[in-house]
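Line order of the protein sequences matches chains A and P.
In terms of my numbering, the first sequence opens at residue 163 and continues consecutively.
In terms of my numbering, the second sequence opens at residue 163 and continues consecutively.
There could be a bad hint or two in this list.
Capping the alpha-carbon separation at 25 angstroms, the derived lysine-lysine pairs in DSS-like fashion look like this [as the list claims (entries may be wrong)]:
id	chain 1	residue 1	chain 2	residue 2
1	P	453	P	279
2	A	418	P	495
3	P	331	A	363
4	A	464	A	495
5	P	306	A	306
6	P	464	P	331
7	A	418	A	279
8	A	462	A	306
9	A	418	P	418
10	P	418	P	363
11	A	279	A	306
12	A	453	A	464
13	A	331	A	464
14	P	464	P	495
15	A	363	A	418
16	A	462	A	279
17	P	418	A	366
18	A	418	P	363
Bear in mind the hints are in silico, worked out from the structure with no lab data behind them.
There are 2 protein chains.
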Amino acid sequence: MSSTNRQILLASRPVGMIRDECFRSETTPLPEIRDGEALVRNIYLSIDPTIRGWLDDSESYLPPVQIGEVVRCGGVGEVVESKSPNYQPGDIVFGMIGWQEYSVAGRDGQEMNVLPKGLPLTAALSVFGVTGMTAYFGMLEIGKPVEGETVVVSGAAGATGSVAGQIAKIQGCRVVGIAGSDEKCAWVRDELGFDDCINYKTEKIPERLRESCPQGVDVFFDNVGGQILENVLDRINQRARVVLCGAISQYNATEKVPGPSNYMQLVIQRARMEGFIIMDYIPRFGEGIMKMGGWVGEGKVKFLVDIVDGLENAPSAINRLFTGANNGKLLVKVSDEPS
Amino acid sequence: MSSTNRQILLASRPVGMIRDECFRSETTPLPEIRDGEALVRNIYLSIDPTIRGWLDDSESYLPPVQIGEVVRCGGVGEVVESKSPNYQPGDIVFGMIGWQEYSVAGRDGQEMNVLPKGLPLTAALSVFGVTGMTAYFGMLEIGKPVEGETVVVSGAAGATGSVAGQIAKIQGCRVVGIAGSDEKCAWVRDELGFDDCINYKTEKIPERLRESCPQGVDVFFDNVGGQILENVLDRINQRARVVLCGAISQYNATEKVPGPSNYMQLVIQRARMEGFIIMDYIPRFGEGIMKMGGWVGEGKVKFLVDIVDGLENAPSAINRLFTGANNGKLLVKVSDEPS
Chain A
163 MSSTNRQILL ASRPVGMIRD ECFRSETTPL PEIRDGEALV RNIYLSIDPT
213 IRGWLDDSES YLPPVQIGEV VRCGGVGEVV ESKSPNYQPG DIVFGMIGWQ
263 EYSVAGRDGQ EMNVLPKGLP LTAALSVFGV TGMTAYFGML EIGKPVEGET
313 VVVSGAAGAT GSVAGQIAKI QGCRVVGIAG SDEKCAWVRD ELGFDDCINY
363 KTEKIPERLR ESCPQGVDVF FDNVGGQILE NVLDRINQRA RVVLCGAISQ
413 YNATEKVPGP SNYMQLVIQR ARMEGFIIMD YIPRFGEGIM KMGGWVGEGK
463 VKFLVDIVDG LENAPSAINR LFTGANNGKL LVKVSDEPS
Chain P
163 MSSTNRQILL ASRPVGMIRD ECFRSETTPL PEIRDGEALV RNIYLSIDPT
213 IRGWLDDSES YLPPVQIGEV VRCGGVGEVV ESKSPNYQPG DIVFGMIGWQ
263 EYSVAGRDGQ EMNVLPKGLP LTAALSVFGV TGMTAYFGML EIGKPVEGET
313 VVVSGAAGAT GSVAGQIAKI QGCRVVGIAG SDEKCAWVRD ELGFDDCINY
363 KTEKIPERLR ESCPQGVDVF FDNVGGQILE NVLDRINQRA RVVLCGAISQ
413 YNATEKVPGP SNYMQLVIQR ARMEGFIIMD YIPRFGEGIM KMGGWVGEGK
463 VKFLVDIVDG LENAPSAINR LFTGANNGKL LVKVSDEPS
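Chain A with its partners taken away, still in its complex shape (with noise of 0.2 angstroms):
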């Protein structure tokens, strides 16, 4: 075990997409932990696009990261050390363990989950973790998909999309998903099952989504806003359901950005546009875990990660999830699982 704990801070908040000098790395010495709290060995990092959002000083539904504060972010440890009756060493955890080599579980209170013995570390922080869970409580408590619908997903070869569009699938649903690259189109449509998929950067999106959805667009799962947003909208049907997932295509933006010039289909097609905040749905996971099991035990649902190595490379590595360079879940390997 080192006696050093290597950190990457925020040194300054990012303006458009994320440099290297939003950044600094410190290195201080391993946390002590007191009565209650157990020392983790960070493993994996979940990057996520929201991560992008906890950087600027604008209020959401947690709190900026601070200037010098260790940049926050979701991830799994191996438990090394426990003054606590919650943790063993060799318990591994998930939890908010931060852009650093360890953490500690049970600090002020913030608990981390242990995972259960025998579950792939990269599932846990895929398909099961938080992007899964997303997807499978996002598209079914508010996008509500019904057999013989059609359903529209962005963002569809990320870990989210992917996962909401199979989900949909299993629903009985015709799913078209839109990617970035003819790889991700390929990939969705034939390893994932999707019935068609739009590469946005070389189709012509209107075109290619009256093509693709005949009978209009039930349920848009969105996770990238801006002109997909508005050019689904022109294609929604009458009590069509648009679940707000993210808007990737916003998070670096630098000036406002104007909303969908057309909402008012939601008018004309009494329509609704509805967000949601996975946190909400923490007490459900249980469900969702063993639902998403049973089909990714069925092969129903498939799912990748792609693993970025280095605690020093996770600013660099959040960059590709807005160029659109990750396949799949984007982790950040720290140190090894244990074998």
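Got chain A; can you put chain P on it based on the hints?
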């Protein structure tokens, strides 16, 4: 009875505000009625913002009015001749009568509704009509206000907004209006019993919202759109409901109007924005009218009508909705009520 029928037809599609040149007047012979039809002497035309939308060549919940067609609008009239068992001479009927002196009930299967005897015609076209029912079903079915919540209504002095706010008061909510003059605000506050009313033309909406909605906003009943929608979205609470009733600030726009740049507030606050079309609730009007009748009888819902005299003034009357010159439900009087 006249032997001719003066009509106002759409001559060219308006760009921006309606101008007189968009219409032409034509005098035709009285329509001859066939079996199953009745001739109706039009009395009041209901002048509503939605008419503006029908004049554009764009898909909506009803097809656009075509060039050369009589302008579509709802209203009431008196049956003067009938070859249908559904109508007796002397009946007062409600339906899509159009901008003309006479209309035909039962033509092409388009029946009209016979109003109960004794109901004041102006009430039938306002509080018991489309605007009153829009307020009723929009507020209660989409907004779902709960006792103790804060409700904001834009277009608060309008035919729909004024009733919507009073219904929220009946539910035990704090109700704040937004209107366009001090006189309107005073009426909304002092006569209708809203807790506060913001004059959006002279006051700073964000500051006044903070002041008048210290607990945030749970329901926003929006008739206006644009900047006002954005300002209120900034103040919504978790699980807020934004009822999209209309967007009167935009109907005359000649260019694409950006949507609310802060629509991601819906995600952060797990909130929803939902549109509706009152036509969908026609089967439930009986329920709404009964309930509204009780409230009007008890003095809990007050309403105002603004009558413009003469069919020829219909084109200029509709612009009053967009400049905010009207006071309450706007009607154009085409002929006298039966004595």
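Results of checking the hints against the structure:
Under the criterion of a C-alpha separation no larger than 25 angstroms, the hint pairing residue 453 of chain P with residue 279 of chain P is consistent with the structure, at around 18 angstroms. The suggested pairing of residue 418 of chain A with residue 495 of chain P is violated, with an alpha-carbon distance near 46 angstroms, which exceeds 25 angstroms. Only pairs whose Cα atoms come within 25 angstroms are accepted, and residue 331 of chain P paired with residue 363 of chain A is rejected, the gap being roughly 50 angstroms. Taking the CA atoms of residue 464 of chain A and residue 495 of chain A, the gap is near 21 angstroms; set against the 25 angstroms cutoff, the hint holds.
Only pairs whose Cα atoms come within 25 angstroms are accepted, and residue 306 of chain P paired with residue 306 of chain A is accepted, the gap being roughly 20 angstroms. Pair hint residue 464 of chain P plus residue 331 of chain P holds up; C-alpha atoms about 12 angstroms apart against a cutoff of 25 angstroms. A distance of roughly 46 angstroms separates the Cα atoms of residue 418 of chain A and residue 279 of chain A; the hinted pair therefore is violated under the 25 angstroms criterion. Using a Cα cut-off of 25 angstroms, the hinted pair residue 462 of chain A and residue 306 of chain A holds, with the two alpha carbons roughly 19 angstroms apart.
A hinted pair counts as satisfied when its Cα atoms are at most 25 angstroms apart, and residue 418 of chain A with residue 418 of chain P qualifies at roughly 17 angstroms. At roughly 23 angstroms between alpha-carbon atoms, residue 418 of chain P and residue 363 of chain P fall within 25 angstroms of each other, so this suggested pair holds. Taking the CA atoms of residue 279 of chain A and residue 306 of chain A, the gap is near 33 angstroms; set against the 25 angstroms cutoff, the hint is violated. At most 25 angstroms may separate the alpha-carbon atoms for a hinted pair to count; residue 453 of chain A and residue 464 of chain A meet this at roughly 14 angstroms.
Among the hinted pairs, residue 331 of chain A with residue 464 of chain A is consistent with the structure: their alpha-carbon atoms are about 12 angstroms apart, no more than 25 angstroms. Using a Cα cut-off of 25 angstroms, the hinted pair residue 464 of chain P and residue 495 of chain P holds, with the two alpha carbons roughly 21 angstroms apart. At most 25 angstroms may separate the alpha-carbon atoms for a hinted pair to count; residue 363 of chain A and residue 418 of chain A meet this at roughly 23 angstroms. The hinted pair formed by residue 462 of chain A and residue 279 of chain A meets the criterion: a straight-line CA distance of about 23 angstroms does not exceed 25 angstroms.
Using a Cα cut-off of 25 angstroms, the hinted pair residue 418 of chain P and residue 366 of chain A holds, with the two alpha carbons roughly 20 angstroms apart. A hinted pair counts as satisfied when its Cα atoms are at most 25 angstroms apart, and residue 418 of chain A with residue 363 of chain P qualifies at roughly 23 angstroms.
Taken one by one, the earlier hints fail for this structure at numbers 2, 3, 7, 11, listed in ascending order.
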